[in-house]
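Engineer: Chains as they are written, first to last, in the numbering used here: chain A, 1 to 247; chain B, 1001 to 1245.
Incorrect hints may have been included.
Claimed, not checked - Think about it this way: if two alpha-carbon atoms lie no more than 30 Å apart in a straight line, the pair counts; the simulated DSSO-like pairs of lysine-lysine are:
1. Lys1067(B) <-> Lys1183(B)
2. Lys122(A) <-> Lys151(A)
3. Lys1172(B) <-> Lys1159(B)
4. Lys139(A) <-> Lys1159(B)
5. Lys139(A) <-> Lys1228(B)
6. Lys1134(B) <-> Lys1228(B)
7. Lys1172(B) <-> Lys1134(B)
8. Lys122(A) <-> Lys139(A)
9. Lys1142(B) <-> Lys122(A)
10. Lys151(A) <-> Lys1159(B)
11. Lys1067(B) <-> Lys1142(B)
12. Lys1134(B) <-> Lys1159(B)
In case anyone wonders, no lab produced these hints; they're calculated from the structure.
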Amino acid sequence: MLEITNLHATVAEKPILNGVSLSVPAGEVHAIMGPNGSGKSTLAYVLAGRPGYAVNEGGASFEGRDLLALAPHERAAAGFFLGFQYPVEIPGVSYLQFLRESLNSQRRSRGEAELSGAEFIKLAREQAKLLGMDAEMLKRPVNVGFSGGEKKRAEMVQMGILGPKFAVLDETDSGLDIDALRIVGEGINRIMRAPGKGVLLITHYERLLEYVRPDRVHVLQAGRITRSGDIDLARELERSGYAEAAA
Amino acid sequence: MTAPFPTRKQEEWRYADLEALQPVWEQFAEPLTLTVGPGESFEEVWLPTAYDVQVRRIQLALGAGAKAQIFALNTAPVYGRIELEVSLAESADFELYGANIGIGLSTNEIVTTVKHIGVGGRSRQVIRSVLNGKATGSYLGKVEVARGAQQTDAEQSIKAMLLDRGATANAKPELEIFADDVKCAHGATVGELDAMQLFYAESRGLDPAGARALLLEGFVMGLWDSAKNGDAIAEASRDALRRAV
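Make a model of the complete structure from these sequences and hints.
Structural biologist: Structure representation (structure tokens):
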């Protein structure tokens, strides 16, 4: 479903990704772990199309299409979603307006009918409730005044509302307390565990993986995948750290 | 006995488009005078008209304890000027929410003089400008606090968003204070759309123009939140912003 081949990328002319190759088949959840500065967030941003992240070699395809040739909003309409490590605040724009316009923009470009105001509110309320978020918060400006944990939970509500085929979740577990971690883990399973869907989960900690149970775990170090395995690899890393694992 | 035509040497006309003003000057030479009686309330919404040149010159006198709220959208295609001279008697309350949304080569300006004459007056001025192309948007705002107008509480918040390199924003808050127990605050910023906010919105599926329009709405629309009859001005500013994107 997502095929990353020998991906090289630079940020401000500094090489960060040095040949990442990775394949996530439909129906699977893969985790990427790795030390700070290994390129995990850069990989997420390159896949989502953040300006300033230049690909010099290699590529990525999504359901057979050249993902990197699409503009960020076209990637979203194709079913690609990035859960941000640091969700962005947008003062003056309510979450409801933000997501309704985003969803309807996606639906228009796929040739689907737009949701009416009432249909959208119903969907938004359902998804907020399933993730234990007070639906009243969706009337507030996007992420303004939200705590770190609330922002991460709101990212998952967005994912539930937008209903992507593939999600890259960049440290969605950081900033969450134990209960929120479980709710978010269950949310990922509910929204994304399906035959035609896939997830790339970027995390520092093994804990979320106990809820989400990835099919594969990869270690990213110095801009390359250095090891791959099953969930036992994540447990090993938790015990021994990255320095040991690389040896 | 028309008032003499202004020149750019006069500070309050410094950024004006006098060539555009000349042919219509006679209509606007004398400011309109409005009075709000003691304890009364007053709300006005000033919408743009269909003319190339749109000028409003108003003198507003607020009696003791009077309240006035003015919501003004300035988006003339050639030259727009909203000029307000307000005097506040004891405990009067004045609020101005104004936007300059300028396109192309247009000049839009909001020029105010707020005179706190009585004790305990309060004034708030919130101005947002969105400018594209080579448009100019200005705010010149003078707050005068008379001797004896103690416990005056005055605020000016001015923010401008430049969408193109050729656009110009002028912001000039000015204070003249002759009392010693007053609060007078002002802040002015000029910036461009935030790249990370744009990317975030696009990553959710908004195309670049839609993302810019949404962020600009967020920047401007809060101005009209407290208007009782704010629907028309909200709709007109949404239209103007769509044209500016």
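Engineer: Of the hints given before, which are not true for this structure?
Structural biologist: The structure breaks hints 6 and 9; every other hint is satisfied.
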